[in-house]
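*Asks:* Residues per chain are reported as follows:
2 protein chains.
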Amino acid sequence: MKEKQSLIEQHFLKLLEAHRFREITIKMICEEAHINRSTFYSYFLDKYDLLDRLIDHHLSALNEMSTQFLTGLEEQGDRHELSKAFLKDQFQYIYDNKVFFKTLMTVHPAQNFTQKFIQMLRVNYLRMIENQNIQYAEYFVNYTLGGQFGIIFFWLQNDCPESSEEVADIVYRNILKTNR
Amino acid sequence: MKEKQSLIEQHFLKLLEAHRFREITIKMICEEAHINRSTFYSYFLDKYDLLDRLIDHHLSALNEMSTQFLTGLEEQGDRHELSKAFLKDQFQYIYDNKVFFKTLMTVHPAQNFTQKFIQMLRVNYLRMIENQNIQYAEYFVNYTLGGQFGIIFFWLQNDCPESSEEVADIVYRNILKTNR
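Note that the protein sequences, when read in sequence, are chains D and H. Numbering of the first sequence is given in this note's numbering, commencing with residue 73 and proceeding in unit increments. Numbering of the second sequence is given in this note's numbering, commencing with residue 73 and proceeding in unit increments.
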């Protein structure tokens, strides 16, 4: 059962690489995925539901990583090691779901995705620096997440030429230097 | 004559604070500005021309500042002093044209504005670091301009509570620390 849902999602993403969301119809999705309309409707209410659930699915996964990372920090784990591992996992996840992230961020930017994504990053960064004495903390966070977003955008736009370890390292060095 | 053009631009921006661009008509602009349609058409081809020229006008002004700054650097001026002065002027310009920048960046984001703005920042940053030995220069630039964009966005969204000097200083300290 899960397999059919994933099939629908994959073909929807494929369509989204070539078409704007507003041009995509349920009919197109069904034809691409070789399924009946009734099959589509047994998983999703409509195309908005499909997109929203995909977005929520990926943002929840990233958010889960952040939460675990923050918990690790609060339990006094090694800040340096935890940060590097977290960033690496985050970039690996984006890499593994490259079509989704690339399409929604760079090919046909979906505002409800980018806004939610930035909001999630912001909440987690604010939590991360809560107990650190950083001047203009809000601005530091906005600089950091703007910078991180810029790097993810550029990496995806170029089709991820660097490994997730490499990009995680680039981001980490940029953050670290602003943070010492 | 210039006065009428500026009047049209001001009232257009006022409309843009409350309406999406696609909803705004020439009729609305003329009513707001208390002018005849023929007056509008003696300055602009249509509303797209009006928006494009406003965007080009402000981006040219910012680009001019960047060019002067880069020329100063190439003439071996004091890097620290020139950077601070440039950032302060840039933020002062944005502050002086707050309605334009706030509306096009945060209230009703216009993609052709944000893309052009980011592209301009990128070209100038790349030129700025050309002769410096920075590893992953492109990523550094993307981080820096993403960060700067994040700060401008946040500053405008909150209606510029800090002075342009203060914001320039925040940005400068964030860039400098990543650059040493």
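Read the hints as simulated data drawn from the structure, not as lab findings. Among these hints, one or two may not hold up.
Note that identical chains are pooled: a pair holds if it fits in a single copy or bridges any two copies.
Claimed, not checked - Quick list of in silico lysine-lysine cross-link-like pairs, DSS-like style, CA-CA up to 30 Å: (1) 170 with 86; (2) 170 with 76; (3) 160 with 86; (4) 119 with 156; (5) 156 with 99; (6) 74 with 156; (7) 86 with 156; (8) 156 with 76; (9) 170 with 188; (10) 99 with 160; (11) 188 with 156; (12) 188 with 86; (13) 160 with 119; (14) 119 with 74; (15) 170 with 156.
*Asks:* With reference to the structure, classify each hint as holding or not holding.
*Replies:* A quick look at each hint next to the structure:
1. Taking identical chains as interchangeable, the C-alpha atoms of residue 170 and residue 86 lie at most 30 Å apart only when both belong to the same chain, with a minimum of 12 Å there against 40 Å between chains.
2. In the homo-oligomer, the alpha carbons of residue 170 and residue 76 lie at most 30 Å apart inside one protomer (21 Å), although the nearest pairing across protomers, at 50 Å, exceeds that limit.
3. Proximity of residue 160 and residue 86 under a CA criterion of 30 Å is satisfied intra-copy only: 26 Å inside one chain copy versus 45 Å between copies.
4. For the identical chains of this complex, residue 119 and residue 156 are neighbours neither inside a copy (37 Å) nor across copies (49 Å), given an alpha-carbon limit of 30 Å.
5. Proximity of residue 156 and residue 99 under a CA criterion of 30 Å is satisfied in neither setting, with 44 Å inside one chain copy and 57 Å between copies.
6. Proximity of residue 74 to residue 156 under the C-alpha cut-off of 30 Å is found in neither arrangement, the shortest distances being 33 Å within a copy and 56 Å between copies.
7. Proximity of residue 86 and residue 156 under a CA criterion of 30 Å is satisfied in neither setting, with 32 Å inside one chain copy and 47 Å between copies.
8. In this assembly of identical chains, the alpha carbons of residue 156 and residue 76 never lie at most 30 Å apart, being 36 Å within a copy and 57 Å across copies at closest.
9. In this assembly of identical chains, residue 170 and residue 188 lie within 30 Å of each other by CA distance both inside one copy and across copies; the values are 18 Å within and 25 Å between.
10. For the identical chains of this complex, residue 99 and residue 160 are neighbours neither inside a copy (39 Å) nor across copies (54 Å), given an alpha-carbon limit of 30 Å.
11. Proximity of residue 188 and residue 156 under a CA criterion of 30 Å is satisfied intra-copy only: 24 Å inside one chain copy versus 33 Å between copies.
12. Taking identical chains as interchangeable, the C-alpha atoms of residue 188 and residue 86 lie at most 30 Å apart whether they share a chain (22 Å) or sit on different chains (28 Å).
13. Taking the closest pair of Cα atoms, residue 160 and residue 119 never come within 30 Å of each other, the shortest separation being 32 Å inside a single copy and 47 Å across copies.
14. Taking identical chains as interchangeable, the C-alpha atoms of residue 119 and residue 74 lie at most 30 Å apart only when both belong to the same chain, with a minimum of 18 Å there against 49 Å between chains.
15. In this homomeric assembly, residue 170 and residue 156 come within 30 Å of each other (Cα to Cα) only inside a single copy, at 21 Å, whereas the closest approach across copies is 39 Å.
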